[in-house]
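Peer 1: Please model the entire structure based on the sequences and the hints provided.
Residue numbers (the numbering used here), protein chains in the order written: chain S, 1 to 346; chain F, 1 to 407; chain E, 1 to 298.
It should be emphasised that the hints constitute simulated quantities derived from the structure, not laboratory data.
Just so it is clear, the structure is predicted and the values come from calculations on it, not from any experiment.
PhoX-like mimics (lysine-lysine), calculated; alpha carbons at most 25 Å apart, straight line: (1) S:K262 / E:K13; (2) S:K262 / S:K249; (3) E:K13 / S:K249; (4) F:K256 / F:K185; (5) F:K256 / F:K369.
Computed far set for chain S versus chain E, every beta-carbon distance over 12 Å: (6) R87; (7) R173; (8) D196; (9) A242.
All C-beta atoms in this analysis are idealised placements derived from N, C-alpha and C, irrespective of residue type, glycine included.
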Amino acid sequence: MSDASLKAPSLLPRLPRLARPAVRADTPEASRARTGVLFTLPAIVLMLVILIVPILMAGVLSFTDYSLGRAGFDWVGVQNYEHLLSRSAYRSMFVATLTYVFVVVPASVGLGLGAALLISSLRVGGDFYKTIYFLPVMAALLAMAIVWEFALHPTLGIVNSTLAAGCDIGWLRGLLTGAWLGGDPAASWYGQGCADGFPLWLGDRDYAIWTLCFIGIWQAFGFNMVLYLAGLTGIPRELYHAAEMDGAKSGWERFRLVTWPKLGPTTVFVVTITSIRSFQVFDQVEALTSGGPMKSTYVMMYAIYEKAIQQNLIGIGAAITMVFLGFVLLMTLIQRHLVERRVHYS
Amino acid sequence: MARLHLKDIRKSFGETRVLTGVSLDIADGEFVSLVGPSGCGKSTLLRIIAGLETQDSGRFEIDEQRVDGVRAADRNLSMVFQSYALYPHLSVGENIAVPLNMRQLNALQRLPVIGPFLPGARGRRRAIHAQVARAAEMLDITHLLGRKPGQLSGGQRQRVAVGRALVREPAAFLLDEPLSNLDAKLRVHMRAEIAQLHRWLGATFIYVTHDQVEAMTMSDRIAVMLDGELLQVGAPSEVYERPADIRVAEFIGSPKINILPAATAADGSIACLGTETRMAVRGAEVRASQLGVRPEGLHLSREPADFTGEILHLENLGPELYVQLRLQGCDAPATLRADAALLPQLAVGQSVHLSFRRDRALAFDNDGKAVETRLLDRTPQTTPASGIKPEQGIAPDLGEERRAAHV
Amino acid sequence: MTTYRFSTGETIKHVVLILGALVVLLPFYLMVSTSLKAPQEIETNRGGFLGQQEMMVDGDCVRQGNAEEDCRQRPVVYNYTQAFEKAPLLRYLLNGVIVTVSIFIIQVVVALPCAYALAKLRFRGRSLVFGAVIVCLLIPVHAIALPLYIGLAKAGLTNSYAALIIPWTISAFGIFLMRQFFMTVPDDLIDAARMDGMSEFAIVWRVMLPAAVPALLAFAIFSVVAHWNDYFWPRIVITSSQELFTPPLGLREFKGEMADHAYGPMMATATIIVTPLIVAFLLAQRRFIEGITLSGMK
Chain S
1 MSDASLKAPS LLPRLPRLAR PAVRADTPEA SRARTGVLFT LPAIVLMLVI
51 LIVPILMAGV LSFTDYSLGR AGFDWVGVQN YEHLLSRSAY RSMFVATLTY
101 VFVVVPASVG LGLGAALLIS SLRVGGDFYK TIYFLPVMAA LLAMAIVWEF
151 ALHPTLGIVN STLAAGCDIG WLRGLLTGAW LGGDPAASWY GQGCADGFPL
201 WLGDRDYAIW TLCFIGIWQA FGFNMVLYLA GLTGIPRELY HAAEMDGAKS
251 GWERFRLVTW PKLGPTTVFV VTITSIRSFQ VFDQVEALTS GGPMKSTYVM
301 MYAIYEKAIQ QNLIGIGAAI TMVFLGFVLL MTLIQRHLVE RRVHYS
Chain F
1 MARLHLKDIR KSFGETRVLT GVSLDIADGE FVSLVGPSGC GKSTLLRIIA
51 GLETQDSGRF EIDEQRVDGV RAADRNLSMV FQSYALYPHL SVGENIAVPL
101 NMRQLNALQR LPVIGPFLPG ARGRRRAIHA QVARAAEMLD ITHLLGRKPG
151 QLSGGQRQRV AVGRALVREP AAFLLDEPLS NLDAKLRVHM RAEIAQLHRW
201 LGATFIYVTH DQVEAMTMSD RIAVMLDGEL LQVGAPSEVY ERPADIRVAE
251 FIGSPKINIL PAATAADGSI ACLGTETRMA VRGAEVRASQ LGVRPEGLHL
301 SREPADFTGE ILHLENLGPE LYVQLRLQGC DAPATLRADA ALLPQLAVGQ
351 SVHLSFRRDR ALAFDNDGKA VETRLLDRTP QTTPASGIKP EQGIAPDLGE
401 ERRAAHV
Chain E
1 MTTYRFSTGE TIKHVVLILG ALVVLLPFYL MVSTSLKAPQ EIETNRGGFL
51 GQQEMMVDGD CVRQGNAEED CRQRPVVYNY TQAFEKAPLL RYLLNGVIVT
101 VSIFIIQVVV ALPCAYALAK LRFRGRSLVF GAVIVCLLIP VHAIALPLYI
151 GLAKAGLTNS YAALIIPWTI SAFGIFLMRQ FFMTVPDDLI DAARMDGMSE
201 FAIVWRVMLP AAVPALLAFA IFSVVAHWND YFWPRIVITS SQELFTPPLG
251 LREFKGEMAD HAYGPMMATA TIIVTPLIVA FLLAQRRFIE GITLSGMK
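Peer 2: As structure tokens, this is what we get:
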């Protein structure tokens, strides 16, 4: 110890002593416990008022014919739920919603995984693609949906005009119509498009839901990619070396043996969150198709909006809300189940 | 400066009794170490003294004034924490100023941006600044005042933590294992520094540690705690040489004391491993059933002496040698401390004769309480065999530096 | 030999990724490009990315009785001035800022003390409260929009800032996230603050808040991006008052009222709405990706 490092304490001035406060009755533990309750109180109240009570409210209202502005309401039992099961509009709703979920979830998860694998295996430029693929996640979905609508416009849109331009180029047309495979060019999708015009996309009941799915996939896969990239960096390199030593020679074998199992938790999470978000699809539908044509894009959130908010049929809207919450609960339970059972091998 | 008085402090967490009635008086300006293995309740006791926790029963006084129920901040005690607990977003200077700011500025004056411009704030801030500067100078950290804790080494953080504790001149300093996060070399250095700080400040220090070496080297008195009770309070040499309890004997000292089975005859004389020790207990009802011999109290001998044993292992530490032995008639291995020059004469598996210093041997009864003994004759010690030098004065063993050298 | 094969693989990967990037970037390209072009160029799909930028005549301007000479403008100027003049876009942007900032501040004010209490204070019912937070974590607020809307309507709060903000004031995720972060803050630091004379309230704001800045920043990005881009909730609670429109609502309104050939101004509006977050993202990519994928911590 160096003497220079400590100097005599007399340099310190005398501080005024604190006046001894009166002995307080409560202990520090008790006062901290009080503070704890006090600090959580606002959050508890808000959770109750904003999250818990509304769910109960929706549950109750789904058995009534309540509408805003009316003084009272009548109990109608399970009539609202019966309508959900029996009326064709609601059958369309379930078909549209499930179609959307079952297309967007696998596609955006698959593309996200594919992009992550490709990007992480690159020697240069990985960050560049990562940035680009993440852009749709940042952009307001409503704005981008409107841009897509413009791109898919039957006459002004860049998509159809590009497709039509291809018809005039012999070799490209041959390639796309499948003529080189010996098929009948006129019978192919592209050949028909060249002859009769390309689809209206959003205006055609055969195409509308798929077009919305495409926009959904376009928007969501970058998010999944980033989560997968994070998952991939968590896999130790030694595991790949070990797999190689154990005889997994091809890339596919290493993927089966190491990558896919290690990405298990990420996959469960990505699938769950994409599913819940897909169930909630609304922006594209409201702005581009309003549920049409012929209810082919009549998804649940839009149905709630149209029935309950626009037409003031609160009861049926509440019933859809309850079914919706049921779906979300189911997703979460499946996720929990998988997380606890299967994915714990790390 | 302050006297502290603890009377029958008890504390339980749920079913676990952490403190089972601790009484302790600490004199003004005294340096007292609370030492014991982890989980013995020493940290809880310190937190009760600090006012961060409350005892279930018992009283605590500072300068004859009962402070139970007084907020930690109002007890005028300051604490140095094991992890230093510096505010990571504040500079070193701001860290040291916090306790002064909280006491000398009111809530408005403490506000960011506008606070400094309120009436009276300026002068007080200048005074605080001067105090911080003086404390920093004293600890030789003036050049660090502008840095953030994240940019400091462990030793520097430690000094800042000390600076924050001493800047407000508390009635007593509470130190909670302040050296345990430092590397071994720095720990030795800071040990001396804290001891010197104590001499200069003349303040009351309560120092919690699980490291007996720290406790032995720095304190005026050591309080050995085990399982929530104070086993012995005394000067370091007293605790080392006359432990009141076998657990204290085992905890203090490195290598650990050798405990040998013993028997007390009807006349009070003590036999150990079949050898008459020529020691006897004082008092009629007292029975010694265990004999404690420190490693430096055992000697190798050329001629047959008190015990025989077989060498199990040799540890050469440079200046000296630890010999691990199995004594005949005793299952637990014993340790002996010898001059390293003996190494060439010794080999693992070799059979050796041993004598022990009866004036330093400690006797304990069945419950582990120390038993007073007397020597039965004045015959000189068995002369050590040629080539084996007699021990020259035995200092309390502080194995720390040696262990440190091995780290 | 091996180098050659490796390069082929690498090249194929780049080709695939570039094709993907083209599809991803297409709408952005189209949006910006269209916002720069004259109506005729948009209709005929000519003019490249920037358009010819030939002087054009603003039809509305002429119809209002101005001389044609005074109504000549570059298309890019026309599109962007139209975006601000045809609708109160500035007002929408301001609303967006007010709403997102208010939501974030209230979320923090509610969540921080709660998270501190859950992480560091012992009190009866603590695990119950934490359990409630975990349950609430699973409730998508959009899903319970209907009962919330009814509640707000009953309270006469629709068409107000309050309606836009209130449902988001409680962020179970924010509480959960900050609680996890606070768990890593050493207890010693809090005890030191207590010894130094701070109240529990002061500890939250003077010790925990500064220590949590990185986590808070990530949460801020998460929260601001979600609420700046949100369309569903404003659509529901803002039905009549245009002065309360958030940017996406304003754009939707624009599209709804649009005369046939106003694609240029509409795309200009879309560009203006999308740009702030995109620019912020490009400037601080790592933080943004961290913030947006925060929900991965659940």
